[in-house]
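Protein chains in written order, with the numbering used here: chain A, 373 to 589; chain B, 27 to 272; chain C, 2 to 214.
It is worth saying that the hints were derived from the structure and are not from the lab.
Since the model is a prediction, treat every value here as computed from it, not as a measurement.
Built from N, CA and C at the ideal position, the CB exists for glycine as well.
Among the hints, erroneous ones may be present.
Some chain B residues close to chain A (C-beta under 7 Å, calculated; not the full set) [unchecked claim]:
hint	residue
1	Lys101
2	Met113
3	Pro122
4	His123
5	Gly133
6	Lys136
7	Gln140
8	Lys142
9	Cys250
Distance condition first, Cα-Cα at most 27 Å in a straight line; then the derived DSSO-like pairs of lysine-lysine [said to hold, decoys possible]:
hint	chain 1	residue 1	chain 2	residue 2
10	B	Lys46	B	Lys245
11	B	Lys136	A	Lys588
12	C	Lys126	C	Lys211
13	B	Lys110	A	Lys488
14	A	Lys488	B	Lys31
15	A	Lys488	C	Lys211
16	B	Lys46	A	Lys488
17	C	Lys126	A	Lys579
18	A	Lys488	B	Lys102
19	B	Lys46	B	Lys110
20	B	Lys161	A	Lys588
21	B	Lys245	B	Lys38
22	A	Lys488	B	Lys101
23	A	Lys488	C	Lys202
24	B	Lys161	A	Lys488
25	A	Lys488	B	Lys136
26	A	Lys488	C	Lys209
27	B	Lys136	A	Lys586
28	B	Lys142	A	Lys588
29	B	Lys254	B	Lys109
30	B	Lys269	B	Lys110
31	B	Lys86	A	Lys488
32	A	Lys583	B	Lys161
33	B	Lys155	B	Lys136
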Amino acid sequence: MSFNLYVLFDWWPQILSAFGTTVFYFIVCSIAAVLFAIFISILLAMRIRGLTTILRIYITVFRNTPLLVQLFLLFYGLPFIGISLPAFLCALIGIMLNEGAFISEIIRGYIESVPKGDWEAGESLALSRFQVIRYAVLPQALRDAVPAMTGQISIVIKDTSLFSMIMISELTRVSNSIYARTFDTTGFLISAICYLLLFLILSVVSKQIEKRFKVKR
Amino acid sequence: MNQNKQIIVEFKDVVKQFEKDLVVLDHLNMNFYDGETHVLCGRSGAGKSTLIRCINYLEKINSGQILVEGEPVTKKHARTIRKKCAMVFQSFNLFPHMTILENALLGPMKALGQHKGEMIDQIGTYFEKVGLENKMDALPGELSGGQKQRAAIVRALAMNPDLILFDEPTSALDPEMIGEVLNVMEKLADEGRTMIVVTHEMGFARVAADKISFMDAGKIVSTCAPDKFFTDPGHESVERFLKQIL
Amino acid sequence: MVADYLTIINFLSAGLLALLKVIPISMVLSLIIGIIVGVLGYLQIPILKYIVTLYVTIMRGLPPLTLLLLVFFSGSFVSPIVTAIIVLSIYHGAYVAEIIRAGIMAIPKGQHEGADSIGLSVLSKMVHVIMPQVWLSIIPSLVGQYVILIKDTTLISAIGVMELLNYARQIMQVVYRPVGVYVVVAIFFFIICYCLERLSKYLERRIKAKTIL
Numbered sequence: 373m374s375f376n377l378y379v380l381f382d383w384w385p386q387i388l389s390a391f392g393t394t395v396f397y398f399i400v401c402s403i404a405a406v407l408f409a410i411f412i413s414i415l416l417a418m419r420i421r422g423l424t425t426i427l428r429i430y431i432t433v434f435r436n437t438p439l440l441v442q443l444f445l446l447f448y449g450l451p452f453i454g455i456s457l458p459a460f461l462c463a464l465i466g467i468m469l470n471e472g473a474f475i476s477e478i479i480r481g482y483i484e485s486v487p488k489g490d491w492e493a494g495e496s497l498a499l500s501r502f503q504v505i506r507y508a509v510l511p512q513a514l515r516d517a518v519p520a521m522t523g524q525i526s527i528v529i530k531d532t533s534l535f536s537m538i539m540i541s542e543l544t545r546v547s548n549s550i551y552a553r554t555f556d557t558t559g560f561l562i563s564a565i566c567y568l569l570l571f572l573i574l575s576v577v578s579k580q581i582e583k584r585f586k587v588k589r
Numbered sequence: 027m028n029q030n031k032q033i034i035v036e037f038k039d040v041v042k043q044f045e046k047d048l049v050v051l052d053h054l055n056m057n058f059y060d061g062e063t064h065v066l067c068g069r070s071g072a073g074k075s076t077l078i079r080c081i082n083y084l085e086k087i088n089s090g091q092i093l094v095e096g097e098p099v100t101k102k103h104a105r106t107i108r109k110k111c112a113m114v115f116q117s118f119n120l121f122p123h124m125t126i127l128e129n130a131l132l133g134p135m136k137a138l139g140q141h142k143g144e145m146i147d148q149i150g151t152y153f154e155k156v157g158l159e160n161k162m163d164a165l166p167g168e169l170s171g172g173q174k175q176r177a178a179i180v181r182a183l184a185m186n187p188d189l190i191l192f193d194e195p196t197s198a199l200d201p202e203m204i205g206e207v208l209n210v211m212e213k214l215a216d217e218g219r220t221m222i223v224v225t226h227e228m229g230f231a232r233v234a235a236d237k238i239s240f241m242d243a244g245k246i247v248s249t250c251a252p253d254k255f256f257t258d259p260g261h262e263s264v265e266r267f268l269k270q271i272l
Numbered sequence: 002m003v004a005d006y007l008t009i010i011n012f013l014s015a016g017l018l019a020l021l022k023v024i025p026i027s028m029v030l031s032l033i034i035g036i037i038v039g040v041l042g043y044l045q046i047p048i049l050k051y052i053v054t055l056y057v058t059i060m061r062g063l064p065p066l067t068l069l070l071l072v073f074f075s076g077s078f079v080s081p082i083v084t085a086i087i088v089l090s091i092y093h094g095a096y097v098a099e100i101i102r103a104g105i106m107a108i109p110k111g112q113h114e115g116a117d118s119i120g121l122s123v124l125s126k127m128v129h130v131i132m133p134q135v136w137l138s139i140i141p142s143l144v145g146q147y148v149i150l151i152k153d154t155t156l157i158s159a160i161g162v163m164e165l166l167n168y169a170r171q172i173m174q175v176v177y178r179p180v181g182v183y184v185v186v187a188i189f190f191f192i193i194c195y196c197l198e199r200l201s202k203y204l205e206r207r208i209k210a211k212t213i214l
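Modelling step: build the complete structure from the supplied sequences, incorporating the hints.
What follows is the structure, encoded as structure tokens:
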């Protein structure tokens, strides 16, 4: 394991574009996962009989099966039953469903810990259940959930490495092809540094977000 | 004395129980009248809070009927009834992520469908009335307990309710802040607002109430005007209660 | 069709053998690493504490797949399965260390002071007073981490360990049923992880009930 600078000189355009791809996928997938999770947790909080059971099953199944298998099902499985999605959509949907399940479980926890009195105050203002959730409960729960959510989002950075297995030229896949051509593992070291860099940037940003959105009670 | 006044809330043989054998409201019959400040007192656990929470459908009754302005309190009518009666809670329950102005605007805008522009002046006068006109843009977390409760009263007033329910509004306050909240409530009583107030503050009851009811074990034992309540309540358990707290 | 699925299950069960080695050994090794690093992290020993922080941060920031490929191709003399065990243990060891450190921090200060006041050494304080109390409270998070570890074993297919996904690829040459094959793989993981999740929820309730009493 040594760092050979020539790899960087010879391959920097590929590495740079792979880094861009990783960052792009990370941002798009995180946003999709968070929005989807918010949507799911609103539906859960609405307590619609039947729907709640279906959502619980969805969350349990996606939390307890490997992301890679989910991605393979989308990428190799769906075409078999006649639905061919581009790799980009497989990646996006895979993360949205998988991380969406984890994040909605986080949000649900914080929704449940909003004081009962705040629900009652909303109800006694004659708001509908959806309005109580939308205006009184969810904004508090989301603010409380920021630290746990950013923790989960930092996992999405790592999840993007699995996209290498469904033909997306992100960091890990490009390092792999550098290795295949040169038998040099420097490419992996470079991507490791890129991932760490992203992780550290996200940590700093999330500290700022946490400070900004903290709810004083 | 009640003939010339309209009944606003009517309890007909209302039973409310938690679990199997904990009866909180025991075949309760009671009328509350328009324009009156009606104080409910009694020991903790007598069922006072449950009584007013039932009016707002925050608690479901097991049998009997409650009518608010002639309309039965049921799940179906809950939202129409809540538009008419506002509630002030013991622990304020202001939404911590909104300024107190936003708190007050939420109900009128989202539940009553009013526009911000037409509400804001009126809500401003309410904030002036409770002495918070300079704090409208503060978050609840930046206010003292007394200020929070006054803001919660503005939130209730903003709904333009026919009736305001107060559920022990000063019980969660530090002693030095109780006065500022009671003063606001006295003002409202003087304006002729219809209020049902659960409280242990007998001083407030004496000054501001039109009627005082004493509750014991899920029943209303005695209802009378303040003068009579404090001198000759006509019931032995009320006398014992008064002796203990006065 | 039934015959297809019998073939699939037959094939996949061969892949279980590898997992039966990788999963338990990685669990034990990551626990050992976690205990050592977690306690060191708690003790805040000069210089060493920076190394601990560096290790934990790197593991939290690195994708396990990248780590697997880096280690495997850098030391190609080691077999895939050994690489898998080493990488998964080191990677999850960092998370276990954080769980254990948090567990120690949650023990009331009085327990430390009590142990110090009867003149225990740091080591015997940890072994006899603190750690026995830590175990109980961290079991749910530990089980949760093991669920992640088990799901991460799918990644070792990338370095050629013959586990479920690589056998799945082989089956595909015989029976082309990608949905069926991957659903069977998913069901396998689901059964194990769901049982562990229930177990961890159950333990959490039991522990809570006990500490409240």
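Right, here's what the structure says about each hint:
no.	hint	in the structure
1	Lys101	violated, 11 Å
2	Met113	holds, 4 Å
3	Pro122	holds, 5 Å
4	His123	holds, 5 Å
5	Gly133	holds, 3 Å
6	Lys136	holds, 5 Å
7	Gln140	violated, 12 Å
8	Lys142	violated, 14 Å
9	Cys250	violated, 29 Å
10	B:Lys46 with B:Lys245	holds, 18 Å
11	B:Lys136 with A:Lys588	holds, 24 Å
12	C:Lys126 with C:Lys211	holds, 24 Å
13	B:Lys110 with A:Lys488	holds, 22 Å
14	A:Lys488 with B:Lys31	violated, 36 Å
15	A:Lys488 with C:Lys211	holds, 26 Å
16	B:Lys46 with A:Lys488	holds, 23 Å
17	C:Lys126 with A:Lys579	violated, 35 Å
18	A:Lys488 with B:Lys102	holds, 22 Å
19	B:Lys46 with B:Lys110	violated, 32 Å
20	B:Lys161 with A:Lys588	holds, 16 Å
21	B:Lys245 with B:Lys38	holds, 12 Å
22	A:Lys488 with B:Lys101	holds, 19 Å
23	A:Lys488 with C:Lys202	holds, 24 Å
24	B:Lys161 with A:Lys488	holds, 26 Å
25	A:Lys488 with B:Lys136	holds, 20 Å
26	A:Lys488 with C:Lys209	holds, 22 Å
27	B:Lys136 with A:Lys586	holds, 25 Å
28	B:Lys142 with A:Lys588	holds, 26 Å
29	B:Lys254 with B:Lys109	violated, 34 Å
30	B:Lys269 with B:Lys110	violated, 37 Å
31	B:Lys86 with A:Lys488	holds, 16 Å
32	A:Lys583 with B:Lys161	holds, 23 Å
33	B:Lys155 with B:Lys136	holds, 24 Å
When each numbered hint is compared with the structure, violations occur for hints 1, 7, 8, 9, 14, 17, 19, 29 and 30.
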